[in-house]
Amino acid sequence: MTADVPIQGSSQEARSRLRLSWWQRIGEPAVAVLCVIGAWELLTRSGVLPAQDLPPATVIGAAFVGDVQELRVWAALGATLASWAMGLAAAIIVGIPAGLLLGSSRLSYLLFQPSLEFIRTIPSIAALPLLILLLGTRGRELAAAMTFLGAVWPIVIQTMYGVRDVDPTTMDAGRAYGLRRFQLFTRIVLPSALPYIATGLRLGAIVGLLLAVAASLIAGGTGIGFLIINASFSGVPALVYARIVLTGIMGLGVTLMLVAIESRLLFWHSSHRRAET
Amino acid sequence: MMRFGRFGIGLIVPVVFFSLWWVLSENSASPYFPPLRRTLAAFVEIWFFSRFFTDLLPSVSHFLSGLTIGVVLGVALGTLMGLFPRLRRDVSPMTEFIRAIPTAALVPLALILFGTGFAMETFLISLAVFFPILVSTTAGVRSVDQVYLEVAQSYGLSFTDRLWRIIIPAAAPHILAGCRVAIAFGLAATVIANMVASGSGLGFFIVDAQTSFRLPDMWAGLIMIGLLGYLANGAFVFVEHRLLSWHRGWRGATRAARAE
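Those protein sequence lines, which keep their order, are chains A and B. Going by my numbering, the first residue of the first sequence is number 346, and it counts up by one from there. Going by my numbering, the first residue of the second sequence is number 1343, and it counts up by one from there.
Treat the hints as calculated values from the structure; they're not laboratory data. Keep in mind that the hints are not guaranteed to be accurate.
[To be verified] Partner residues aside, some chain B positions facing chain A, computed with beta carbon under 7 Å: (1) Y1374; (2) L1429; (3) D1432; (4) I1443.
The C-beta atom is built at its ideal place from N, Cα and C for all residues, glycine as well.
With the hints as constraints, model all of the structure from the sequences given.
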């Protein structure tokens, strides 16, 4: 997760996108999606693909429509998102100050950077059995703790890199203008680290959501993961697919929201998608 | 000398951390935090002897085969999507949607399709690996300097030549950056697949140790997973350095030329 791959293209692409017609931007992709769904329907209905394991698209659609009318699906989505928000908030409260602190001196950076880079390669999911022992599986704490564990590292590391990357010339200029330490921090360090912090938040939020879903899927409890595994035990494949689609919609919603927040916060920054590589 | 100094400073934190862990846990009464001495004894016994073939080797081999499949397919589709804007526009709504589904949520689907075992785990791991590679390869291929392609075309290079001599090398830094993300995702997917639906493997081992309350074993499993992550990353950095040494040199040369 060191390298952050830009989600959107260059300004050159933005310009060429303007030249695209409505059909090229939306019409044709929509037709492509419909074609794939149609092919899926045809192949499963005709028996080329085993309908037992791969239910036709319309069957999945019907299961989806029936499922979202039930309260418990929304309760499960809400539980997962609530745990996720709790864990993410904790990761922000801990991670950003920690990153600012570690990045602010060369010594602390040299001391901690290798260890942090090592920790980020350990899959956080491995801590799940330990957290089950410590927190139990009943409440929202487990998924929240998993979210925290996944989200805090990218946030700390990106914040730290952001502080290290502050332009020394700008700092010198600030000092020459007689800014005090606190003013240097709020007017120069923080704004120039903000793009990195935003990238850390986006990475952390997405990894956190993965872990929140994984926690409820493996340990049970109240989240959406439990409902998916529950559907697979009930022996209705269409319901499994429907709930996976629902989880995907949740994930897509969260991703789009984060990208929107990031570009709103950083509209003033010329290269706000620059990330540490 | 400077390099060694930096390396040495970086070692201070882990050394202090493990020393504290050792000392503080030595007389630990809590069953959840057994003495590090016992954990390490369990580590040696388990991973060098009793569980090497049954749990460690399957996880590692599933991880490696999933990684290979995911990287190959991701680079292939990513190259196509980078080269053909129309394909990119038409396919990306679907790939973006599947990418947004958390890996764990796909385990039940993999179970329906493949049952338990090698195929299911490899499928899940390669899927987790596929998307970061796809995205970074697409970005890399799109970033290829248009001038190079035009020059190559005017020299009459065939499409295959352009692909192997210009496009793939120019996209290599992006692809490798994607690989780094993919290794982390793939390892997490390995553990998740083991935890949900396996009778063996590292993830299964730590869950099994936890439910049967063999806590030093659980900690030994945790350390092993951390170690694997570290080794995978170390191997990757080694390969990246070798593959991209020409690239760094080339970039340095052009930078110097520009500065003149």
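These are the hints, each one checked on the structure:
| no. | hint | result |
| --- | --- | --- |
| 1 | Y1374 | holds, 6 Å |
| 2 | L1429 | violated, 9 Å |
| 3 | D1432 | holds, 4 Å |
| 4 | I1443 | holds, 4 Å |
Checked against the numbered hints given earlier, this structure breaks only hint 2.
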